[in-house]
Structure formats: structure tokens, C-alpha cells
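A.B. asks: Sequence:
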Amino acid sequence: MTHMPRHESKAIPPFEKGGVGYRRVGASSGISLALALFERPLNPPHSPFLKGGGHVAIRWWAAPFLVAAIALFHGTAAHAAPDPEKLYDTHCLSCHAPNRLGGMGPTLLPESLARLKKPEAAKAIAEGLPATQMPPFRDILQPDEIKALSEWIYTPNTIPPKWDADDIKASRIVNAENIDLPARPVFKADPSNITLVVEHGDHHISVLDGDVMEPIHRFQTRYALHGGPKFTQDGRFIYWASRDGWITKYDLWNLKVVAEVRAGINTRNVAVSSDGNYVMVANYLPHTLVALSGKDLSLVKVIPVASRDGKTSRVSAVYDARPRNSFIAALKDIPEVWEIPYDGRPVYKGLVHDYQLKEAIPEKGPLPVRQIVLDDILDDFFFDQKYDYILGASRDKPKGQVIHLGAGRKVADLDLEGMPHLGSGITWDWTDKEGVVHPVMASPNLKDGKISVIDMKTWKTVKVIPTQGPGFFLRSHEATPYAWADVFFGKNKDVMHVIDKRTLEVVADLKPEPGKTATHVEFDRYGKYALVSLWEMEGALIVYDAKTFKEIKRLPMKRPVGKYNVWNKTRLSAGTSH
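The opening residue of the sequence shown carries number 602 in our numbering; numbering runs sequentially from there.
Source of the hints: derived by calculation from the structure; they are not laboratory data.
There may be inaccurate statements among the hints.
[To be verified] Distance windows between CB atoms, simulated:
id, residue 1, residue 2, range
1, Arg-996, Pro-1040, 21 to 31 Å
2, Asp-1014, Glu-686, 45 to 55 Å
3, Lys-724, Pro-1040, 44 to 54 Å
4, Glu-1139, Asp-1101, 28 to 38 Å
[What the hints assert, rightly or not] Pairs of lysine to aspartate or glutamate residues, derived as DMTMM-like cross-links and limited to a Cα-Cα distance of at most 20 Å, are as follows:
id, residue 1, residue 2
5, Lys-1154, Asp-812
6, Lys-1154, Glu-815
7, Lys-1000, Asp-1049
C-beta: ideal position from N, C-alpha, C; glycine also.
Starting from the given sequences, assemble the full structure and let the hints guide the process.
C.D. replies: Dropping the structure here:
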């Protein structure tokens, strides 16, 4: 639990006055029976049980029963199981909202807590979280209460969570004074070479001047951003999503938040249309895609996600396919990919003899859905640079698949074992020993220590590059002959591989900080610097010379992870994800 405001907590006295004598709050029937024996006053008034005289309302023969009942009550109360739901209502509801849907604090449902282990949740409740409004509860709750509460938040909600159009509209926050600010940067740095650094440790974003690699601004974000910021083509506006559904529009040139809206309960990512008119939100919970206005995040459309036979699905991710003027959505629970045109093109269901002659009725717009049915579910995928093909993989299948978006069907299989992370793939032109140029795609693997290099003409594996362990991110730049790959999992998590894209060989193993996780490389606009995250609470952004692999400087940061250069993202660099 996070973002809970500090408040005074009054300890409830174990006993409170109630008529004659005292009673335990929520007393058992045994003690109630004993207290019922408190009947008549006894004389004399100078009884030693009362200071200054007075009456004692107890019969002498009832005393042993009362003592026994109190002892029995204390014995059972000491071992009574905590009621986590009541604990939540008392201590958590004000920030995390009814039904655990999240408010000032994040959503506390199994879908939202998948990456947080129960012991870590218990520690957060007991000790609080630094740099947030989540206070420690170890002085308020007993250890067994903390344990019960930390386990209960991982159970499904008794009431199915709902977040519909009315909820979305009611959540929207617009900073009207920031809507039409001047179209010029308030800083001197080159706006096209700005790099954003997401710091997960304390939920901030740092804004770096990419020419000198120094921060020019730092601001707080919603809890747990996910999926990476997305830019308008001019690089001025940025949109991002938090795991619990909050979407933010930020004016990078004026360093101001324009608007925010909660589009879901558990959200994967956002995409921005190339014309800047739409923001599409991919939700795990509820099973929806949500289209928002790019101007002020007002609701355009809620799209329920379901197959033709009615089975609903989570949305793994959504992307802007700029050359196609459409969004592409990957579905988690049904074997389909959805294409959603945003340029007014019609979409027809089923076979059409000649759509140009309007011989069929198109799907109702705006943002109609074209459902592409596949053989297998795609857990992860990658686009070629022209967005003609999707390279996809299923976690439980030994083969990947190539989908031609125009034809709407599979055209090839991919030899991708393990758990490839295609979303972190990159492309470049590779020349073989005979001088033949091959467009290739390379992907790290979340399960095995290897990087697969695929020929994007034949769809065959060119080479498997062994690494020192499973990796998460692979990055490069058009101006460098090298690709940088982390070893995110396992004992070698401190290793950063440098791979020669010409020879497909590892040429350097860097260890920015022995024993500490090194991850996620991003380059500046010119490919001069390689930026590595030291993924620790007291971490750093480490700047390397991309040619010599020598460290230039370190910028202290709080668990930095993703880095996003304006030029590389808006120009769809082949060396980074989009």
C-alpha cells in the first residue's frame, strides 16, 4: 500500500465504561453473562473497592465467575484471527478507496500486485515507503494483523471491479491554465536531444540535457509508471500511464502537467496517434481499450475487448503504427491482433466483394476495430520498420510467428525458443561474408542466456549469441556499430554486454558496479553517449562514451530504469523500441 497520508491514530482502550463496571469492546457472551451478575449495590458505602465510598454493583458470589470469564475472554481474544477487511476499512480505505480500486494510493488487487511479493507488501505496511505518503503501521498494527492484511490484498475482490465511461469522465483533471501555453521551450537545451529518465525508486522523472548530460528538471509522477512515455511527433507533449490506470499529458517544453484521467484499474501502456489527435490506452482490468482526446484527455470511446464468440481479454499492449495510421493492439487471452485505424478508413467484418463500391456496411466509427484472427496468442511482439509485419511469440510455444498486417494472416514461423522479449528487439542491416546485406532483427531472451538474430527476409535465424544470463533490454543507434545488452536476471545481473553488429560477437563485458543490476541502455540523439541504469534504490545513471566504452560520469538517481530520448523516439530509431 502506498500514498497513505499520515494521520493521528487513537488507540482504542481495551475497556470502556458501560453502566456499572467495565466491559470489553465486542465482549464475548461469557463475559457478558458475568457482567449481567452486576446487580445490587452492597453496603457499607466505605467498601474498599470504591475510593471515597460508594457502591459496588456485584454480588460476592458472582466474583469467581467474573474472574473466570475475564480470563477466558483474554485467552481467546489473544488468539482471535485478525479481520483484514475491517483493518483495511479502518487504515487503508481513505487512500486506496473502496473495493481496493485505488485513489491517492495505488490499486490493491491481485492483477496490480503481480510484481510485488507478499513479504515485500508486509514490509511496506510495517515500515512505510520512503518518498511517498505511505506511513509505517508497525506501531499501530500487530504483526499478525500486518501479515493478514498483506495476504488479503492478494485475494480477488468480492465485488467484480468496475471502471466504465462515467468513472473515467468523473476522474479527469484538467489544468486549464496549462492547455494553451506558448509553443517554445522554457529551457535553453536542445528540445530534440532531451532524455527522460524514469526513476521508479521515488516515482519521479528527470529531464536531461542530452548535449551535456545534466538534469534540467525533475518532477513527481503517479505511482509505478509502466510502458514508457509516448511523444507527439514534434516532441513537445508526452503521455504516460501508471499501472493503476492514470494517464498523464505533460508539456515538455513548458514543464507542466496539462491533464490527467484514470482510464482503467490495471493498465499496460498507452499509444499516441501520429496526428496527435488520439491517445489509446491498453487495460488489463477492465478488459477494454480506451480512446482519449490528445488535447485534453477527454473520453472519446471505450472499446470492450472480446472475440467474435464473446470471450473477453486483457490487452497486453497497444502501439501506434505510424506508416499505417492505425493503432495495433495485442490481446492476452484470445488469439487475435486488433488494428484500429484513426484516419477515417472504414473497417468491414467478413468478406466484401468490393468495398470501394460500398457493397457492405462498415463498422461504426470513430476508431473501428479490425480483428485479425491468429493461430496462437501473442504474448509479445515486434514490428518491422515499415509496420508491414508483426513478429510475435507465445510464452508456451517453441515457435514464433510472422503476421502480415495487410493480409491479416501468418506468413512464416520463427525459431524462437525460451521466452524472447521481442518488445525490446532492434533492427539493423548486417552484411554477411559474401557481402550480401540482410535486414536483421535481434531479441533478448527472458528465460535463456542468448540473443537471437533473425533475417527479416527469410525469417531464418542467422545466429544465436550466447550471453551470461537472461536479459531484458537490447539497444543500439544508427550512428554506432555496437548494440548493448543487459543480463537482468541471475548472478551476472551486473554485466552489460557490448555486441559488434558487424561480427555478431560480444566484444566487451562492462560491470558498472559489481553486484548491482545494470540495465536498459539508451543513446543520445547523435549516438555519442550510451546511458546505463544502475537499478538500485541509491542508484545512478551512468554515461558512457559509445565508442570507447569508457565511463564519463554518474548522476545519482533513485532506481532509474527506462530512458527515452526525444529524437530517437519521435524518429522511430531502429535501435530502440517504439
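A.B. asks: Work down the list of hints and note, for each, if the structure agrees.
C.D. replies: Right, here's what the structure says about each hint:
no. : hint                            : in the structure
1   : Arg-996 - Pro-1040: 21 to 31 Å  : 26 Å, holds
2   : Asp-1014 - Glu-686: 45 to 55 Å  : 50 Å, holds
3   : Lys-724 - Pro-1040: 44 to 54 Å  : 48 Å, holds
4   : Glu-1139 - Asp-1101: 28 to 38 Å : 33 Å, holds
5   : Lys-1154 - Asp-812              : 13 Å, holds
6   : Lys-1154 - Glu-815              : 10 Å, holds
7   : Lys-1000 - Asp-1049             : 15 Å, holds
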